[in-house]
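With the hints as extra help, turn the sequences into a complete structure.
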Amino acid sequence: MRASGILLPVSSLPGKYGIGCFSKEAYDFVDVLEKANQKYWQILPIGPTSYGDSPYQSFSTFAGNPYFISLENLIEEELLTEEECNSVDFGENNEYIDYEKLYNGRFNLLKKAYKRSNPEDEGFKKFVEENGFWIEDYAMFMAIKAEHNGESFELWEDEIRVRKLEAMERYREKFKDEILFYKFIQFKFYEQWFKLKEYANDKGIKIIGDIPIYVAYDSADVWANPELFQMDEEVKPISVAGCPPDAFSADGQLWGNPVYKWDYHKQTGYTWWIRRIENSTKLYDVIRIDHFRGFDEYYAIPAGSKNAVVGKWEKGPGMDLFDVVKEKLGKISIIAEDLGYITDSVRQLVKDSNFPNMKVLEFAFDARDSYEPCEYLPFTYYNNCVVYTGTHDNETLLGWLKHVNDYTLGYIKDYMGRDIPVGQEMVDEIIRLAHSSVADLCIIPLQDYLGLGNEARINTPSTLGDNWKWRVTKDKLTDKLADKIRKYTNVYRR
Numbered sequence: 001m002r003a004s005g006i007l008l009p010v011s012s013l014p015g016k017y018g019i020g021c022f023s024k025e026a027y028d029f030v031d032v033l034e035k036a037n038q039k040y041w042q043i044l045p046i047g048p049t050s051y052g053d054s055p056y057q058s059f060s061t062f063a064g065n066p067y068f069i070s071l072e073n074l075i076e077e078e079l080l081t082e083e084e085c086n087s088v089d090f091g092e093n094n095e096y097i098d099y100e101k102l103y104n105g106r107f108n109l110l111k112k113a114y115k116r117s118n119p120e121d122e123g124f125k126k127f128v129e130e131n132g133f134w135i136e137d138y139a140m141f142m143a144i145k146a147e148h149n150g151e152s153f154e155l156w157e158d159e160i161r162v163r164k165l166e167a168m169e170r171y172r173e174k175f176k177d178e179i180l181f182y183k184f185i186q187f188k189f190y191e192q193w194f195k196l197k198e199y200a201n202d203k204g205i206k207i208i209g210d211i212p213i214y215v216a217y218d219s220a221d222v223w224a225n226p227e228l229f230q231m232d233e234e235v236k237p238i239s240v241a242g243c244p245p246d247a248f249s250a251d252g253q254l255w256g257n258p259v260y261k262w263d264y265h266k267q268t269g270y271t272w273w274i275r276r277i278e279n280s281t282k283l284y285d286v287i288r289i290d291h292f293r294g295f296d297e298y299y300a301i302p303a304g305s306k307n308a309v310v311g312k313w314e315k316g317p318g319m320d321l322f323d324v325v326k327e328k329l330g331k332i333s334i335i336a337e338d339l340g341y342i343t344d345s346v347r348q349l350v351k352d353s354n355f356p357n358m359k360v361l362e363f364a365f366d367a368r369d370s371y372e373p374c375e376y377l378p379f380t381y382y383n384n385c386v387v388y389t390g391t392h393d394n395e396t397l398l399g400w401l402k403h404v405n406d407y408t409l410g411y412i413k414d415y416m417g418r419d420i421p422v423g424q425e426m427v428d429e430i431i432r433l434a435h436s437s438v439a440d441l442c443i444i445p446l447q448d449y450l451g452l453g454n455e456a457r458i459n460t461p462s463t464l465g466d467n468w469k470w471r472v473t474k475d476k477l478t479d480k481l482a483d484k485i486r487k488y489t490n491v492y493r494r
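Each residue of the sequence shown is one higher than the last, beginning at 1 in this note's numbering.
Keep in mind that the hints were calculated from the coordinates and are not lab data.
Check each hint, because a few of them may be wrong.
What the hints assert, rightly or not - Below, simulated EDC-like cross-link-like pairs (lysine to aspartate or glutamate); rule was C-alpha separation at most 16 angstroms, straight line:
1) K474 x D31
2) K261 x E233
3) K261 x E314
4) K164 x E154
5) K195 x E82
6) K476 x E233
7) K112 x E154
8) K282 x E198
9) K469 x D98
10) K282 x E191
11) K469 x D53
12) K487 x D428
13) K261 x D320
14) K174 x E147
15) K206 x E455
16) K16 x E120
17) K402 x E455
Given below as structure tokens:
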């Protein structure tokens, strides 16, 4: 069935307290989606973020981001007061997130809310029991990390870094209250998220979630389950993930995430992956898996390398993993993010899985790109794919159009059959191309509908500093915008 949706991170929603969250503004955005006849809201990963604020580097693959908890809801529950929330400095600019101020202010408020909560609440106790397979380790990990002023667990004392039984019992008792606090945060996150998701689903809108293939080294997942990864006895990585050198980078990309010990996963029947995907099916209606090509082959770089030149390709689990997922969990809606260096073997895996893959229009015309351009041109599409104008890693359409060379710009005009000046009209025509394609699903970043430039870009890969900060302001989410989007949707029967 043809459908369309909007890509907007939760963090980019408008709102009072420094960052987009599960407050009234999130519900208002769902109302805009409904008015615009959209069927999907795609978000980025919603796990707790660490250094660099990237949602793709999280302290846990199961936990939620405390920043997304609605303070307004906690005020309604009388766990906080409006005066307390308003007294915190979250930054002056409502179009960009100030993560330092957010970190300094948000946790103090959450601790106040926790102190006023009822630890004997039946809903809380049930939540902890149902999520025991991850929340015990996560809460303890965060409590110990806080005691170590946020240091990576590789710098902790040996006894707790390698989880010696006596040390674990001692720390569990020592940080009993702090551990309960981190469990409380997760309870509130899940409670609020499920209410928002239910609201969206009742309006006919499905949530497309995003799970990174890899986990961060400094995470509860690695600390609690080092046997799942290529680690030595000291819980130090043997190999880390990245990408090989290409036309854009002579040194390649060194991501630093630990790579999986796939033979061990297979021996366990992929239990950890089954749990991870099963949990994701509760959080989302559709799951986009980032770096899907890593299930076919993954690039492993010896830990300690200065760049990615010395890495090598190793075989992943392929369809074996997804056959087990299907056997254990039944049919699941998954989108395979297959962008980047793609081989025939990766294409075959995508085909065998029958998951829709991704088409990005900015790649279709970009003469600077190393991919075969025609793969992304609309005339090559088929039904079982998802078309985007761009992703969170791309420039906005307007920003991209201002930077392309004359050859690319000429090609775009020739393809559209119109000599249009760079600006909102050209952006709208490229959006039209996406909607008019045969792809079953069309997802457009909100910034492109608004005609915003790179000041609204979400992320520039391989850079630190100004990423993951952009927020839309409430005044831009108008009925006029909904009418504009609905027109595309209706014309192209989405």
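Each hint, compared with the structure:
Our distance criterion of 16 angstroms between C-alpha atoms is met by K474 and D31, whose separation comes to about 13 angstroms. For the suggested pair K261 and E233, the alpha carbons sit about 14 angstroms apart, so the restraint of at most 16 angstroms is met. For the proposed pair K261 and E314, the alpha carbon gap of about 11 angstroms is at most 16 angstroms, so the pair holds. A distance of roughly 14 angstroms separates the Cα atoms of K164 and E154; the hinted pair therefore holds under the 16 angstroms criterion.
In summary, the hint linking K195 to E82 is not supported, as the alpha carbons are separated by about 22 angstroms, beyond the 16 angstroms threshold. For the hint pairing K476 with E233, the CA-to-CA distance comes to about 53 angstroms; that exceeds 16 angstroms, so the pair is violated. Between K112 and E154 the alpha-carbon distance is near 30 angstroms, which puts this suggested pair outside the 16 angstroms criterion. Under the criterion of a C-alpha separation no larger than 16 angstroms, the hint pairing K282 with E198 is consistent with the structure, at around 11 angstroms.
With a C-alpha separation of about 7 angstroms, the suggested pair K469 and D98 falls inside the 16 angstroms cut-off, and the hint holds. The suggested pairing of K282 with E191 holds, with an alpha-carbon distance near 12 angstroms, which does not exceed 16 angstroms. For a cut-off of 16 angstroms, the pair hint linking K469 to D53 stands: about 9 angstroms separates their Cα positions. Proposed proximity of K487 and D428 is supported: the alpha carbons are some 12 angstroms apart, at most 16 angstroms.
This hinted pair checks out: K261 and D320 have alpha carbons roughly 15 angstroms apart, not beyond 16 angstroms. For the proposed pair K174 and E147, the alpha carbon gap of about 11 angstroms is at most 16 angstroms, so the pair holds. At most 16 angstroms may separate the alpha-carbon atoms for a hinted pair to count; K206 and E455 exceed this at roughly 28 angstroms. Of the supplied pair hints, the one linking K16 and E120 is violated, its CA atoms being roughly 31 angstroms apart against a limit of 16 angstroms.
A threshold of 16 angstroms between alpha carbons decides the hint, and for K402 with E455 the separation of about 13 angstroms falls inside it, so the pair holds.
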